[in-house]
Amino acid sequence: MDTLLKLHQVRHAYGKQTTINYLSFDLEKGEIGCLLGPSGCGKTTVLRCIAGFEPLTAGEILLNGIMVSCANFSLPPEQRRVGMVFQDYALFPHLTIAENVGFGLHRKSTVERTQRVSDLLQTVGLTEAANKYPHELSGGQQQRVALARALAPNPDLLLMDEPFSNLDISLRERLSLEVRDILKNQHITAILVTHDQDEAFSVADVIGVMHQGKIMQWDTAYNLYHRPANRFVANFIGQGVFLPGKVLAPGKIETELGILTEHIYHQCESDNEICHIGSEVDVLIRPDDIVYSNESTSQAVVMHKAFRGAEILYTLKLPTGRTALSLISSHHNHAIGEKIGIKLEADHVVVFKR
Amino acid sequence: MHVNNEKYSTVEEKNSDISRPFFLLKHKVSIWRLIPFLVAALVFTPVIVVFSSFFMPANEVWQHLVETTLSSLLINTFWLSVGVIAGTSLLGVSLAWFTAVYEFPGSRFFSWALLLPLAIPAYVTAFVVLGLFDYTGPVQTSLRIWLGSELTWFPDLYGRGGVIVVMTLAFYPYVYLMARNAFLTQGKRLLEVAQSLGLNRRQGFFKVALPMARPWIVGGIMLTLMETLADFGTVAVFNYDTFTTAIYKAWFSMFSLPAASQLASLLIVIVFVLIIIEQQFRLRMRFAETKRSARAGGILLSGWKAKAASFFAASVLFFAFVMPIMQLGIWAANSLLQSFDQRYLEFLLHSVLLSAMATVITCFIAILLVYAVRLHSDILTRIAVRIATIGYALPGAVLAVGIFIPFAWLDNQLNEWLSLLFQIETNLLIQGTLGVMLIAYMTRFLAVGHYPIDSAMQRITRNIDEAAMGFGLSGWAVLRSIHLPMLKAGIFTAATLVFVDVMKEMPITLMTRPFGWDTLAVRIFALTSEGEWEQAALPAVTLVLAGLVPIILLMRQTDK
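Heads up: the protein sequence lines correspond to chains A and B, in order.
For the first sequence, position 305 (counting from the first letter as 1) is numbered 304 according to numbering that gives the first Met the number 0, and the numbering increases by one without interruption.
For the second sequence, position 127 (counting from the first letter as 1) is numbered 126 according to numbering that gives the first Met the number 0, and the numbering increases by one without interruption.
Keep in mind that the hints are not guaranteed to be accurate.
[To be verified] Only pairs whose alpha carbons sit at most 30 Å apart, straight line, appear in this in silico DSSO-like list of lysine-lysine:
| id | chain 1 | residue 1 | chain 2 | residue 2 |
| --- | --- | --- | --- | --- |
| 1 | B | Lys-206 | A | Lys-107 |
| 2 | A | Lys-251 | A | Lys-131 |
| 3 | A | Lys-15 | B | Lys-304 |
| 4 | A | Lys-15 | B | Lys-206 |
| 5 | A | Lys-5 | A | Lys-28 |
| 6 | A | Lys-131 | B | Lys-306 |
[Stated by the list, open to error] One side of the interface only, derived from the structure: several residues of chain A facing chain B at Cβ under 8 Å:
| id | residue |
| --- | --- |
| 7 | Phe-52 |
| 8 | Ala-70 |
| 9 | Leu-74 |
| 10 | Gly-139 |
| 11 | Phe-241 |
Honestly, the hints are just simulated from the structure, not real lab data.
No experiment lies behind these values; they were computed from the predicted model shown.
We treat Cβ as the ideally placed atom computed from N, Cα and C, and that holds for glycine.
Produce the entire structure from the sequences given, and follow the hints as far as they go.
Take a look at the structure:
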């Protein structure tokens, strides 16, 4: 596969405040990448650097193997063939939907433009809205127009800045899948920025978790959840708690919920420093790692419960006073304050040095 | 049980009646319904009076005017409008664009300083420019000495060009303010969209920023145009005849009020066309409204571009504000011993007194209107308020005529009745009193006072009233402890704006003042019509200082 976009040791600052700190990643042609992180982590700034709106203070950005940004050069945004969908959509309020979508086709002939606009409107399912104005459309429709407008000039790369954050939850889920289908059908390479994990998981092929201007891990959703590279990712992605443990032997860790023997994430095997015998570690326990067991000797008190339909997410107080989360089938409906038997049943667990 | 319940509910009803604000009591509601219509009628009377004279049979003076000056009035007004529109939009839009989008040396400073010329009444800039640049002024005199010859190439100031330049310098801030607001609300965001769609910045300006800002720019131009048409002082100083000066002459030189009124009716037709256009664009402005996006600093200009931008902004600021202020300062200092006397203090006192009275009346009526709409915001009431606040578009000269005529008629009626009944000869019972003048001021500046109070009131949601009543506060207590404190800032802004506007107002004061009520503005008119620039400087400086107050208020608002 060809690398379409390459960021190498990119640095960016507003005055003295560093916003992106030596950040690198590659994106293959046709892939949908995602920058995921809490607000203020610099993810939008990365997007703006790629689009060419922000100058770099160090590092370089390559598009199709051509350098477009470095410390003292920046190809103007209009020459990059990079499309962008903005968080507030930024539709032109004085133009109709068709005019908005056709705006980037100003060099094309009228016939070509009309054809392309109607094709795109069909793709996003807004053919009837062609002659309406943006304020006459709902939020979801405006979002689709913004997407169609960005796609119209056939950009090499599409950037989307929190594209679904202004929509309500049910629409957000539906539209994010729709957008993924559109992008995949048209073989478009894209980067999405979001703070919403579910959105990232449902749209992106590869996700970079960002924190303080750095990428903490650039990986698939599966690996981010099951094989977090560090504590930040482990905490940020999914739910879970850290239980302290002690390494008894390679692949054998004692915790307050019993001894873990199998399926310990390979990181522990390869990294001797963390896992030599006797060292203190933290074990990441996800809610689905703790199961209900009547006959178990481990007992925990129900502190909170959140009904989730098929399951109930219990917050449990362990005998040592630590809390743990457990996702238990909602047939087992326990009252708050009740003592229940639990046991660890992990396919594999992640271990970090304490 | 059932009986008890009923008893309880009647007690509650009674209580709720007591706890209603006084203005919500059912039997008093009718008067609040009437108020907007009464005010609208009062404001609209002069319009109808003037407009009806459009259809009046031609009299001799009018015939004379039509034959001699009418065509030149129309031509003068047309070219003046065209010139001022071109000048203000060129200066206003370009300066707004530079300060809203780019960063260059001094851009922060210029972004507010470029509003300062609003503090100087156009007629003051006018006489300063004349005093500086006419044949005997310091510029031409020193050039003659320096070059040792007559300046045959020096442009004639007393022409169309001079008036246009002065009005452009005085009025460009209206366009600047509106356009800048539009460019800031669009943010850089839409420019970036254009760039991401393959347009460069210049194309982005012409294809996105400018078309999107059009409603605001046209709004600014309309304001400018209304000021231009309403202007009396500037054109009077330049001897450039327009409708306002013609109205004045017809009335006070030819003593024909009907002719003045017929001239006014022509002007009012033009103004109404403008109002309709403005309303159209105001509607569009609402559509185009977007959230003000956070500004992470403008695009940094460097090299000659930055220098050129700074130089451009600095020269506009120099000619529109710094130069007039400096010259006024010099003249005022030179003439201080002569001008600062008993009479100056008298003019100042008159100005302040009149402004204060007009402010109290205007703000009081504005508050009544705002409350009336809060109680009944049906469409008829809102139309009435719209009509009641139309005065900002009516030139002072037109209003003066339109208000004077009905009062003169009333006076005549009264006179007839009184002489018939009591054999008393009373001349001029109402006309020539302060009342006429104050009504004229109120009519002209009600919109200025209404807007800040109205927006303050709109910030008090009905939920706030209900929350207060939920705590058991009575109607008067709600008014005192919730509404008045929350309206205070709005009333203060309104009062400041009205006060200063009345102080600067020239034609209404000139035409309707009672004998002996000369103000600073009237004094400036008298002195400048005799070319006494230096003597006029002290009153002018006083007006400029007063004019700075609302500008500072405005700047603090736009900064937020």
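Here's how the hints hold up against the structure:
1. B:Lys-206 <-> A:Lys-107: Status holds; Cα separation ~16 Å.
2. A:Lys-251 <-> A:Lys-131: violated (66 Å)
3. A:Lys-15 <-> B:Lys-304: Roughly 26 Å between the alpha carbons, so the hint for A:Lys-15 and B:Lys-304 holds.
4. A:Lys-15 <-> B:Lys-206: violated (35 Å)
5. A:Lys-5 <-> A:Lys-28: Roughly 11 Å separates the two Cα atoms, so the pair holds.
6. A:Lys-131 <-> B:Lys-306: The given pair, whose Cα atoms are some 44 Å apart, is violated under the 30 Å limit.
7. Phe-52: With Cβ-Cβ at 6 Å, under 8 Å, it holds.
8. Ala-70: This interface hint is violated because 16 Å lies over the 8 Å limit.
9. Leu-74: violated (11 Å)
10. Gly-139: violated (18 Å)
11. Phe-241: violated (37 Å)
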